[in-house]
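Read top to bottom, the protein sequences are chains A and B. Residue numbers for the first sequence follow this note's numbering, beginning at 1 and rising by one. Residue numbers for the second sequence follow this note's numbering, beginning at 1 and rising by one.
Honestly, the hints are just simulated from the structure, not real lab data. Bear in mind that the values here come from a model prediction, so they are computed numbers and not experimental data. There may be inaccurate statements among the hints.
[Unchecked claim] With a cut-off of at most 25 Å between alpha-carbon atoms, the simulated SDA-like pairs for lysine to any residue come out as follows:
(1) K424/B to A220/A
(2) K247/A to K386/B
(3) K424/B to E355/A
(4) K426/B to S77/A
(5) K247/A to D201/B
(6) K426/B to P223/A
(7) K332/A to E423/B
(8) K426/B to A220/A
(9) K386/B to P420/B
(10) K426/B to T327/A
(11) K424/B to A354/A
(12) K200/B to K336/A
(13) K247/A to V414/B
(14) K424/B to L310/A
(15) K424/B to D326/A
(16) K247/A to R282/B
(17) K336/A to K424/B
(18) K332/A to P420/B
(19) K247/A to I407/B
(20) K200/B to L189/A
(21) K426/B to N188/A
(22) K200/B to N188/A
(23) K332/A to Q427/B
(24) K200/B to A245/A
(25) K332/A to I407/B
(26) K247/A to P420/B
(27) K426/B to D326/A
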Amino acid sequence: MSLTSFSPSWSDTTAMAAAARFLLRTAGSKASITNVNSCVHSKLGLTPLRVSPSCIPHAKTQKRHAAHFTFQPDPVSTKYGPMQKMNLFQSVTSALDNTLASDPTAVIFGEDVAFGGVFRCTVGLRDKYGKDRVFNTPLCEQGIVGFGIGLAVAGATAIAEIQFADYIFPAFDQIVNEAAKYRYRSGNLFDCGNLTIRAPWGCVGHGSLYHSQSPEAFFAHCPGIKVVIPRGPVQAKGLLLSCIADKNPCIFFEPKILYRAAVDQVPVEPYQIPLSQAEVLQEGSDVTLVAWGTQVHVIREVAAMAQEKLGVSCEVVDLQTILPWDTETVCKSVVKTGRLLISHEAPVTGGFAAEISSTVQEECFLNLEAPIARVCGRRTSWTSEFSISPPIRLNLILSQYMLTTEIARRLFRMH
Amino acid sequence: MAAFRVLRKFCGIRYNVICQNKGLNDFSRHFQYREFRINGVLCQQTLDSSTERPQFPGACADFVDRLEFIQPNVISGIPVYRVMNRQGQIINPSEDPQLPKEMVVNFYQKMTLLNTMDRILYESQRQGRISFYATNFGEEGTHIGSAAALDPNDLVFGQYREVGVLMYRGFPLELFMAQCHANADDLGKGRQMPVHYGSKDLNFVTISSTLATQIPQAAGAAYTMKRENSNRAVICYFGEGAASEGDAHAGFNFSATLECPIIFFCRNNGYAISTPTREQYRGDGIAARGPGYGIMTIRVDGNDVFAVYNATKEARRRAVTENQPFLIEAMTYRVGHHSTSDDSLAYRSVDEVNYWDKQDHPISRLRNYMTGRGWWGEEEEQAWRKESQEQVMQALEYAERQPKPQIELLFTDVYQELPPHLEKQKQAMWRHLKQYKEHYPLSIYEK
Ligand SMILES: Cc1ncc(C[n+]2csc(CCOP(=O)(O)OP(=O)(O)O)c2C)c(N)n1
Ligand SMILES: [Mg+2]
């Protein structure tokens, strides 16, 4: 899993070569992986991220070129009353604000949350609701989760922030052995269902080994918790409020590359988006593409590219909840299309795509027209944008080109 | 009773949290905020280079001009507070809690009932009737002394060797037995190994096998209680071995910085399975760590039930009124093996065990005290032994006759609801069980 031991497998090498050919052919036609927004990686994510004026995209354009994809705002729906333009971190703040206002037992805590958090998700909440409700803890992740479990066991609504998903591992024991098993082991005498753990997640372009990881698969193996990942501001607020209301401990991973880059019209009032339900973002007939979080935006573009370049019609599914996941929606789609490609940023081995793949193979075997394809992170760790050789740079972003070539090669045997 | 040493001067900056009433539901009426205190060490608030005192934000201290390392004080050690000597005589009458006869007799009966239950369940495991057991021999004083000093509403987070606390609160023998036999009466639905008790009614959080995880959790629960202003405290028990876990550090530090009304109660019984304290830590026990966290601390003789009672009572009173954590290190000795999976003769001598069993046992010390007052004699002893033995045997035999919990309970409580994938697994299990029922002892489960 380290840079030095990186030895691409046969299929990796072929995939990369194919992707490289594709890149050469299409160079200059559209944003490529080299186009990772310099505004993002000029600010290391360790200090409060602030957008300098030159980084703020034109207010008029809805599309934002912040990364290796183009964020498509959610269609505006006025079903939940007045809307406001919010980026993803503001929609998280809005959900937390609604919760603190309506639930006097709710508290929010973690490293540096009192002044607003290093990603600004808790800005203004301490002043509005008091120091006893929005507070800093000592720098200790196992303490943050353990403390949160205790708060919840005693009846409070506990919203814990882990500063980066990469640093959730000191709390792994508290999550896996404690939070997840509290209700079961006590025969339902005690539970910590009122605990929600939020953590910034996923690649950001410059995050290197320890500010880029997507550890959802580690938690997907653990009965008793829920794991949820939104693709944009509208989903972030609705799903976070569902996690907070849900009577089971939830982990809510927030794609940190989207904190500023993704902007939607978001309802100001509280609303919930149901957990364990995937969303079909685009209907199609030839292949099902499944992703969650940031990668949803990549596969959306892949769908367009596959239509244009290959004449393939893609159905795009945002899984949204990793555990317990919506097998029904995914399987229904695969029964229709006969092909499935799953893509996530985390390493392919033992990644959540493996679980989806296995289930779909069991449920839809006779409907499958091609082997299920997983296009996921390489078997190395994430590395830094700077200081790396071009092939490893490919590791950073599972580009639209790579995915499209994989659809052609693996699912339709076109290459 | 002034046994607590003031470790630091605190200045209490008081402020009231403004209660936000916007959009609060009914709940808010019962929900008033306790005054929050910030413990600020006496440090200058503004930077001033004209004074010769250090200005660093991380500490409040003077400069010195001699190179000197701080010596850990393990030679004389933190003193051990006690009320009775080994013969059960009160040493300093002003420290005598002067508990009424019925209460002291109850202490004694609970300590000995626990002892009897331990002996019978230990034997029952040896005979293969239950799967596992861990006794509390020699530590009964720490359980009963602390449990008696608490309010019944105080929430207990325990390890696994504090059974006397639950017994003192009135957990019936039938339910102890039901848990150890994993039968249908077990409140935990037969899901855990023996001795992992829990009771919602008695405010005793279900035990987890994973050591020390309850320590930061207890701090969190205490924070909830502080915000509820409910005049409740939390007590958190753990062994000196568990105190080496990172979670112990987390719990101490969180409770101090977040000002939680909690009592950390460490049973230092000399061993963590086979590991002696010499290989567990090099400082002066667990008590020595308290000052490092800014926690009020005391070390007590855990075999002196009154010393434990006094210390817990005062710690509890102050924890609730001052919203701060207290640490009690109760020195005691694990007379039994670690558990039924252990034979302690492999790592300690019979003489050592005998010393504690015969010369310095909490039960005999309390009995001496009672005899000295004329509250307890041989006659009472014989009658109580017989009665307690019968009670335990009766409960045991009853538990053995009960069916096992319903098979369905395998799938409930994983989540609050039953998600589709578990429903599917359940259906698959039933299909299998119906088809191959002759291979499974289905009749032992409750229908
Ligand atoms: C995290 C963890 N590590 C190891 C164990 C195995 N284990 C069970 S009890 C024990 C010793 C605990 O000693 P101590 O805390 O002193 O409590 P005592 O048994 O003396 O009451 C160990 C190592 C465990 N249960 N949990
Ligand atoms: Mg011990």
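Each hint tested on the structure:
Among the hinted pairs, K424/B with A220/A is consistent with the structure: their alpha-carbon atoms are about 18 Å apart, no more than 25 Å. For the proposed pair K247/A and K386/B, the alpha carbon gap of about 48 Å is over 25 Å, so the pair is violated. Of the pairs offered as hints, the one joining K424/B and E355/A holds, with about 16 Å between alpha carbons and a cut-off of 25 Å not exceeded. About 40 Å separates the Cα atoms of K426/B and S77/A, which puts this hinted pair outside 25 Å; it is violated.
Proximity of K247/A to D201/B is assessed by CA-CA distance (about 21 Å); at most 25 Å being required, the pair is judged to hold. At roughly 14 Å between alpha-carbon atoms, K426/B and P223/A fall within 25 Å of each other, so this suggested pair holds. Taking the CA atoms of K332/A and E423/B, the gap is about 19 Å. The hint holds against a cut of 25 Å. The hinted pair formed by K426/B and A220/A meets the criterion: a straight-line CA distance of about 20 Å does not exceed 25 Å.
Only pairs whose Cα atoms come within 25 Å are accepted, and K386/B paired with P420/B is rejected, the gap being roughly 54 Å. About 17 Å separates the Cα atoms of K426/B and T327/A, which keeps this hinted pair within 25 Å; it holds. Under the criterion of a C-alpha separation no larger than 25 Å, the hint pairing K424/B with A354/A is consistent with the structure, at around 20 Å. The suggested pairing of K200/B with K336/A is violated, with an alpha-carbon distance near 50 Å, which exceeds 25 Å.
The suggested pairing of K247/A with V414/B holds, with an alpha-carbon distance near 11 Å, which does not exceed 25 Å. Proximity of K424/B to L310/A is assessed by CA-CA distance (about 39 Å); at most 25 Å being required, the pair is judged violated. Only pairs whose Cα atoms come within 25 Å are accepted, and K424/B paired with D326/A is accepted, the gap being roughly 13 Å. This hinted pair does not check out: K247/A and R282/B have alpha carbons roughly 44 Å apart, beyond 25 Å.
For the hint pairing K336/A with K424/B, the CA-to-CA distance comes to about 23 Å; that is within 25 Å, so the pair holds. At most 25 Å may separate the alpha-carbon atoms for a hinted pair to count; K332/A and P420/B meet this at roughly 15 Å. This hinted pair checks out: K247/A and I407/B have alpha carbons roughly 24 Å apart, not beyond 25 Å. Distance hint between K200/B and L189/A is fulfilled; the C-alpha atoms sit about 6 Å from each other, no more than 25 Å.
Taken as a hint, the K426/B and N188/A pair is honoured in the structure, with Cα atoms around 19 Å apart against an allowance of 25 Å. Simply put, K200/B and N188/A have alpha-carbon atoms about 9 Å apart, close enough for the 25 Å limit, and the pair holds. A hinted pair counts as satisfied when its Cα atoms are at most 25 Å apart, and K332/A with Q427/B qualifies at roughly 21 Å. This hinted pair checks out: K200/B and A245/A have alpha carbons roughly 23 Å apart, not beyond 25 Å.
This hinted pair does not check out: K332/A and I407/B have alpha carbons roughly 32 Å apart, beyond 25 Å. Using a Cα cut-off of 25 Å, the hinted pair K247/A and P420/B holds, with the two alpha carbons roughly 16 Å apart. With a C-alpha separation of about 18 Å, the suggested pairing of K426/B with D326/A holds against the 25 Å cut-off.
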